[in-house]
Amino acid sequence: MKKFIALILVLAMSLALVACGGSSTGKEPTTTGSPSPSANETPSQPAETPSGSEKPSTGSVGYVTDDVDHWARDPYHIVYYNYAPSNVTFQITDALEKLGEVYNFTVEQLSANGDSDAYVNNLHTILLKEPDGLIIDISQELASRVSEICTEYDVPVICVFNKAEDVNGCLLIPSVIMDQEYNGRTQMEFLNSVYKDYWGDIDRSKIALLVMDWSSNMDLNQRGVGAKKRFEELFPGNKFFYGDTASDSLSAEAGFNISNSILSANPDVEYWFIVSTVEDVALGTARAVEALGRTDRVLITSSGAAILPGEWDAGYNGCWIANYAVPPFMYAGVAVFGLFALIDGRATIETLWPEYHQEGDKAARYMANAEMMTRDNYKEYLSNIARSFGVEIS
Amino acid sequence: MVGRRIRHILKSKEMILVLISIVIIIIFRLVNPNFLSVGSLSGIMQAMSLTGIIAVGIGTLLIGGSIDLSASSVCLFGGVLCALLIRANVPWGLAMVITLIAGFVIGVINAFLITKVKMMPFIATIAVSNVLSGINLAVTNAQNVPIPVESFWWGGKLVFGIFPVPFIIMTLLMIVYAFILNKTQFGRNVYLVGGNMTAARLAGVNPKKIHTILYINSSVLAAFAGIVLASRMQSAAPQSQSDSQLNALTAAILGGIAFTGGAGGMAGCFIGVMLFSFFNSGLNSLALDAYWSLIASGCLLIIALTVDYFNELSREKNLKVKKPASAAKKEGA
Amino acid sequence: MSKYLEFSGISKAFPGVQALDNISFRAESGRVLALLGENGAGKSTLLKILSGDISPDSGSIIINGKTQVFTSPHQAIQAGVSVIYQERQIVPALSVIENIFCGDLPKTRFGMIDKRTLRRKTEEILKVFGLPIDPDEPVGRLPVAYQQMVEVMKAYRRNSDIICFDEPTAPLTDSEINVLFDIINQLKKEGKIIIYVSHRLAEIFKVTDDIVVLKDGKLVKTFKTSETNQQELIRAMVGRDVGDTYKNLKRNDKIGDVLLEVKDLCTDVLDHVSFTLRRGEVLGLAGLVGAGRTEVARAIFGADRITSGEIIFDGKKVHFKEPKDAIKAGIALCPEDRKDQGLVLFRSIRENTTMPILKKISKWIFINRQEERKVTEEAVTKFTIRTPSINKLVRELSGGNQQKVILGRWTNSLIQTKLLILDEPTKGIDVGTKAEIYQMVCDFARAGLSVIFISSELPEVINVADRIIVMHNGKITGSVLREDATEENVLSLAMLE
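Chains as they are written, first to last, in the numbering used here: chain A, 1 to 394; chain B, 1001 to 1333; chain C, 2001 to 2497.
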């Protein structure tokens, strides 16, 4: 009897551990949940200017092109407070520090380490200390609470990656967000435009799409949705497969196992597009494809600027051919200049980035749209973006 | 005599697990005839290996009556350390050795906290786990560490076209450990200490020494698992959420290693890992929603444990009939 | 109508032993009745029946003329019975008030706890008892004596007419004992029926009015305290006809030189224990439960820490930090609780037998199965352990066979045991196997081993040992040779203040 109880406790413990593991991951550079029903459809901004510097209409403030002497003042102190540390948050911090050297401000990185309660409590503490400016990212379910807290204080706040909306979907804090569906769609557009270079002029009906997802996060999910929709428009009637690593973990190994299973279970599929919503999973997927010896029939794309550039730097040249870029400087830079405008008093929440204001919102939704990076152009692309914000990276 | 041995094996816990495995394979194959094709088989064996290597370490520790919840973190740490060393131009053979030594040190720390400072194993190992996670993050800034040294990628290679190298390693490890547990003094002492630590101490066994060795063993194997993973993925991820130790624990318990210690063996462990991996892979091939997978895995564990429980009950029943009255105690005044 | 409590024909049997056999006596109100008897006499069984913990096989309890049948402790409490056990039954974190009214908090009209009434009633009770206790103090922080008082007050609050004390003075100092006796006298005055279970004869003479002596489950005699004395009581408690059990034992007559010298041994329980032991000698260690005998064994064996004192074994001064070291020197221990401390139940006879000699049956790191089988079968034969196979799990063996396995572990041809310590070796074993074990002890002595034989069964210890040391409260109170030992004089040494 005692043994049985002990075993049941193990089971309960296991399920509890798995459940806890499933919710907060440190890995969500995600953000922007699905477009809220009240907002307009596809606010895809003019994406012809992939570098973060916009050419604003006269009178607009909050951009790198603002005519301000950043060194005519004391250094600002900007706090970057993230929900959970991940490779992206470290990249953003790094970008902020470099920007800080050029534009005269200091950076402090804080994290709630994935603990929602701690996040909210610490937020109060941080705001009470009155830094000059605050950049945050949040877990989407905290959005309304966090937005309301921020409006109670005088500190200028800008949110990156997520939409700081209240319960009615009204954006309370200026947010620099990624259009997730656009992300997925762009990946599919790219695949459609380059596949002939790798496979020749094959029969289009032989191509299947596998979306590798981490379904616990709604934002990531939207990327897969965008890719699938475009796939159905471009390749009507083709096979579609869905792989979800949420049953395992957000890791390369899970990506390996699941994509391996799906690919081996469908040997009749001749050509594969694989869109992986998260880079880590894409890495494992690439390895699985190599292990199966199918690298000549698979093309993989993903989203992010952390892992794949590292792989390319190390010499990788395989079937994971491109990523939708998430350039840290784009987010950090845009946020910082918006913040300057708020701190200096040159703009308020309502008047910042007027080109990005939508009906029903208090603040602006800056849609940070990027491009696909390939092995040939990623270095240039990323340094161009940094340069557009005044920073040279090698 | 031989007939009796065979019957004994057929009735054993391990056999039941093998039967369940076969049933599962048949079911999944019916749903998708491509399940268990050559390609997917090697993929399954890869998944098995990671769980299996950690299970050998955690499993023997469980048999010895204790538990190690730092294995996942040590695994990630091992991968990161090895990757960083290789990036620093250390030859990968040496990098592996250094990583294993680091695993050794972590095991010593765990053992020290538990046997000398007398912390509860649960808490001590979780604490160490957190420290290692923090170190991983700090040292890598949460960035992946790619390993561009091709000769190190042995983890992804196949032997005879079907057996991944890690699988061969795992099988060899299990055979060696089965040997150690069954045939050596040390193995015998592990069972005794796990079965009844007090009695073992009063009969001359040193439980502290046994536990120290077992903790070191668990950490070294976890570090090795990290090396294998880094080799397979050709890079080290400092912060992937890893359920590897949970899977290893589940597999070990599925395979008959008692959570309370003193029972079970490597044969069961191997089958438990196999069952667990086949089951997971089968679920993956069905491409179900993630929560169905979790529900199914949980149910599998419940079923296996229930079958085991009823087995135990029937064995107890036979016991009660034969037990003579003299086993009763006198009531004291 | 004066109140009384009567036990009428109470009998209770457990598998293998008759714990109580037709017990009948009466306890009057306003009087304290002592229950006296050795370990195993039946005192605690009787208390358990009275408190509703277990039910008798036959017989009845009559309270004030009404026959009572208790199927649960709750019913006994309702009938007015309270038992104050040796282990504290208080909730340490709650206050005195809450403990006294445990389970019976008065409620106001709205169903909330009526704190005012609670406090008033508690203070009344405290006044009756005359104790300087703060009603709000968490009971866990009070001195042990006062914790006990809280339990007595709880019984008082329940209006229990029958209050039983089970070995109440063990944790108390002399002044605290006086406080307890004052309270007991107070309760007497209020007409309560008090039952007092204790080994301490001095106290029994101080505070009780009647004495009931039990022996081996039977009622031997009842006394009026004022009309009897210590010797008479002890004589009533002991004196059994042991028959031929011990007459035919082949003993050892060749006692050698000194093997073990214990000098002023102190641990947290032992108080300057000193004795010597010779080769081939069987030394009995007698005393009541809690006297410190097991602690002596464990201290010698290296299982407990020694605070001061010296042990000289085989001519050398020794200090064993772990049992492993004692075993290497040639000392062996069969623990008191053979299942929890002596055996790994889920492993085989073979594995349990070879626990300390693995090195000797191994070639390098590998265990030699042949050698293991040989030495185990040797033990099985020598001790006639009844089993079809040496691979049988020990938990499937009877108590007697389990004990034999442990004996086999320490006395086979591959281990050089010089001193064998047996702690309650015949506990829970049938008569036939007991006799076998007695002869085995003598055989060990004849082979030159020294044996320390610890037992709470008086007839056993005085008939098997060559010399008996008696302990009480961590000290040695006396030493008797077998020829001079009687149950009476050994018991009186065991109960000596």
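Heads up, a few of these hints could be off.
Stated by the list, open to error - The list that follows gives simulated cross-link-like pairs (lysine to any residue, SDA-like), each with its CA atoms no further than 20 Å apart:
no., chain 1, residue 1, chain 2, residue 2
1, A, LYS3, C, LEU2345
2, B, LYS1116, C, ALA2303
3, C, LYS2247, C, THR2417
4, C, LYS2324, B, PHE1186
5, A, LYS379, B, ILE1303
6, A, LYS206, B, THR1198
7, C, LYS2382, C, THR2417
8, A, LYS379, A, THR295
9, C, LYS2328, C, ILE2311
10, B, LYS1183, C, LEU2393
11, B, LYS1157, A, THR295
12, C, LYS2374, C, ILE2361
13, A, LYS3, B, PHE1122
14, A, LYS3, C, LEU2393
15, B, LYS1183, C, LYS2392
16, C, LYS2321, B, PRO1091
17, C, LYS2359, C, THR2417
18, B, LYS1183, C, LEU2358
19, A, LYS3, C, LYS2324
20, A, LYS3, B, ILE1302
21, B, LYS1116, C, LYS2324
22, C, LYS2328, B, THR1198
23, C, LYS2189, C, LYS2224
24, A, LYS3, B, LYS1209
25, C, LYS2359, B, PHE1186
26, B, LYS1183, C, ILE2361
27, C, LYS2359, B, TRP1292
28, C, LYS2392, B, SER1012
29, C, LYS2339, B, THR1198
Hints in this document: simulated from the structure, not taken from any laboratory.
Violated constraints from the hint list, given by number and in increasing order: 3, 5, 6, 8, 16, 19, 24, 27
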